[in-house]
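Trainee: Residues per chain are reported as follows:
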Amino acid sequence: MKIYKNTGNIDTRSGFGAGLAELGKSNPDVVALCADLTGSLKMDEFKNNHPDRFFQIGIAEANMIGIAAGMTIGGKIPFTGTFANFSTGRVYDQIRQSVAYSGKNVKICASHAGLTLGEDGATHQILEDLGLMKMLPGMTVINTCDYNQTKAATIAIAEHDGPVYLRFGRPKVANFTPEDQTFKIGKAVTLTEGNDVTIIATGHLVWEALEAAKELDEKGISAEVVNIHTIKPLDETAILKSVRKTKCVVTAEEHNMLGGLGESVARTLALHHPAPQEFVATEDTFGESGEPIMLLDKYGLNAKAISEKAEAVILRKE
Amino acid sequence: MSTTQHLQDFVTQVRRDILRQVHQVNSGHPGGSLGCAEFFSILYQEVMEYSSDFDMDGKNEDLFFLSNGHISPVFYSVLSRSGFFPVEELKTFRKIDSRLQGHPTTHEGLPGVRIASGSLGQGMSVAIGAALTKKMNKDSHLIYSLHGDGELQEGQNWEAILYAGSKGVDNLIATIDYNKKQIDGATDDVLPLGDLKKKFEAFDWKVLELKEGNDIEAIKNTLAAAKSLTGKKQPVVILMETEMGNGVDFMMGTHAWHGKAPNDEQLETALAQNPETLGDY
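Chains as they are written, first to last, in the numbering used here: chain A, 1 to 318; chain B, 319 to 599.
Hints listed in this document are in silico derivations from the structure and should not be mistaken for laboratory results. Every residue gets a Cβ at the ideal spot worked out from N, C-alpha and C, and that includes glycine. Treat the hints loosely; a few may be bogus.
Claimed, not checked - Restricting the straight-line Cα-Cα distance to at most 25 Å, the calculated cross-link-like pairs of lysine-lysine (PhoX-like) are: (1) K409/B / K578/B; (2) K2/A / K245/A; (3) K232/A / K245/A; (4) K453/B / K25/A; (5) K377/B / K545/B; (6) K456/B / K25/A; (7) K551/B / K516/B; (8) K377/B / K25/A; (9) K247/A / K219/A.
Said to hold, decoys possible - Residues of chain A clear of chain B, computed beta-carbon distances all greater than 12 Å: (10) M1; (11) G121; (12) M135; (13) E211; (14) F286; (15) E308.
To be verified - Facing chain A, a subset of chain B residues (Cβ under 8 Å, in silico): (16) T423; (17) E426; (18) E477.
Build the full structure now, drawing on both the sequences and the hints.
Mentor: See the structure below:
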């Protein structure tokens, strides 16, 4: 199987910061708004280089979303930055009415998503945001897996006309996708080819899926790992092509199993090609404080959990 | 014809449009709409510089945002009679397949509307965003917005009011429809707003009090005064005291017509008090 090299652990939020800094130079219409988390979102470089296009809104996320919606009128492309919880649940109605229903070209950029925010605990660890965002008509939903992909996605969404939710995280994780990649919204990336099981993963769990594929390979099980960075619109063609071959699937995400990627995949399969599926996701629960790696282990969101579910789902094949 | 006579005729026709729209579908919000008929008419007939050849970006135009979207009947009437879309289209208000949704939206592509509103409290932030873009674009035109007084109970407004005052968003003229009524009754009974003038001043806004919010000359003078206060490092707010249901005797002095349509007989009475001026749709 194809082996991916980790070029060094780095946080996905830094990929966002780097992408935003590049947009600062390349696209004069891009503006950035932050709700008192400039450092956490790695927006400092953009802020320092383009103070006239950076807006410190203060701890007022609802106002930030509304201002961003208004800024699009006259041609600006606003990127809002705060934690995922405060980017979604806190401001759902503002996004729903002023951004999504109004069809505004706002990029909602959300860091510290999921359990891997770590020690701050459940008040800050949103596990429902993908579901909230994918239910909004017209909203594009992206969850990137590493630094390089997050940087590429940040640059790509500026070219997309319409509202986007871009989700990334806090911890330093493996960086393994190409530095020079072109990010195509809605296009899955098949990382390894295999015949026995499809592993469809998003965000931080893509690297875990690759680690699981290595473990499975040592047991003689051939896993196809598909990186779904765009939850909506979902690349149904790629999913169906893989599952038609392997005849079973494990989905993996740092999110509640209700409302996440797994459910989107299940719907696709139910409509077009029913097949056994296992879910690596949190089981309708809140998170808690702790070290990210320990939380992922406790809540069953790592390579070990993925390989176990892969072996289980293979047994369910007819 | 004097401009005042033209405006009076325009306002009377707008009142008829409001009443006929809500009557036809037995739903909608006539009270606040009637209370703001003069304000909308003056804004679109005399004050704002705009092109009725609608462009969403609205560069080099004054822009208006309606935050209390439930008074859509007055907005639709004035937009149509200002050339944004055919007056005939008022017939479709709140009906299936219409661009004239219960609350205004960009979703169906109705010219003149730049943001959806209805869920309250969001328009101030949007207006600030548009004002900031005007500044970035070096566009000296102004942003106007309208908000219900009861709507100020929504917390997002105070985030926005703090921001605009603290950051000196001085190309924004917000108007509060200060009719002191909301669905459940008087604002003083539901959740008193206290001294709004002092509150806005405490947030570093310039405050203009308009006691005669249904008087054409008074509104014109206040909007002119507001415009002269822009560009001075402070946002401007007009506390516009209006009469809910203005122009229809049995709808005035009560909150009962906030969200209730007149029946056939009531419509006839109301229209008789506002004879046709510019032609019904």
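Trainee: Give a verdict on every hint.
Mentor: Hint check results:
1. K409/B / K578/B: With Cα atoms ~18 Å apart, K409/B and K578/B stay inside 25 Å; holds.
2. K2/A / K245/A: Satisfied, since the Cα-Cα distance of roughly 18 Å is no more than 25 Å.
3. K232/A / K245/A: Holds, because 23 Å separates the two Cα atoms, which is no more than 25 Å.
4. K453/B / K25/A: holds, 20 Å
5. K377/B / K545/B: holds, 19 Å
6. K456/B / K25/A: Since the Cα atoms of K456/B and K25/A sit roughly 20 Å apart, the hinted pair holds (cutoff 25 Å).
7. K551/B / K516/B: holds, 18 Å
8. K377/B / K25/A: With Cα atoms ~24 Å apart, K377/B and K25/A stay inside 25 Å; holds.
9. K247/A / K219/A: Between K247/A and K219/A the Cα gap is close to 19 Å, so the pair holds against 25 Å.
10. M1: holds, 47 Å
11. G121: holds, 25 Å
12. M135: It holds; M135/A is separated from chain B by about 16 Å at its closest Cβ, greater than 12 Å.
13. E211: holds, 44 Å
14. F286: Its Cβ never comes within 12 Å of chain B, the nearest being 25 Å, so this holds.
15. E308: Holds: least Cβ distance 45 Å, greater than 12 Å.
16. T423: holds, 6 Å
17. E426: violated, 11 Å
18. E477: holds, 4 Å
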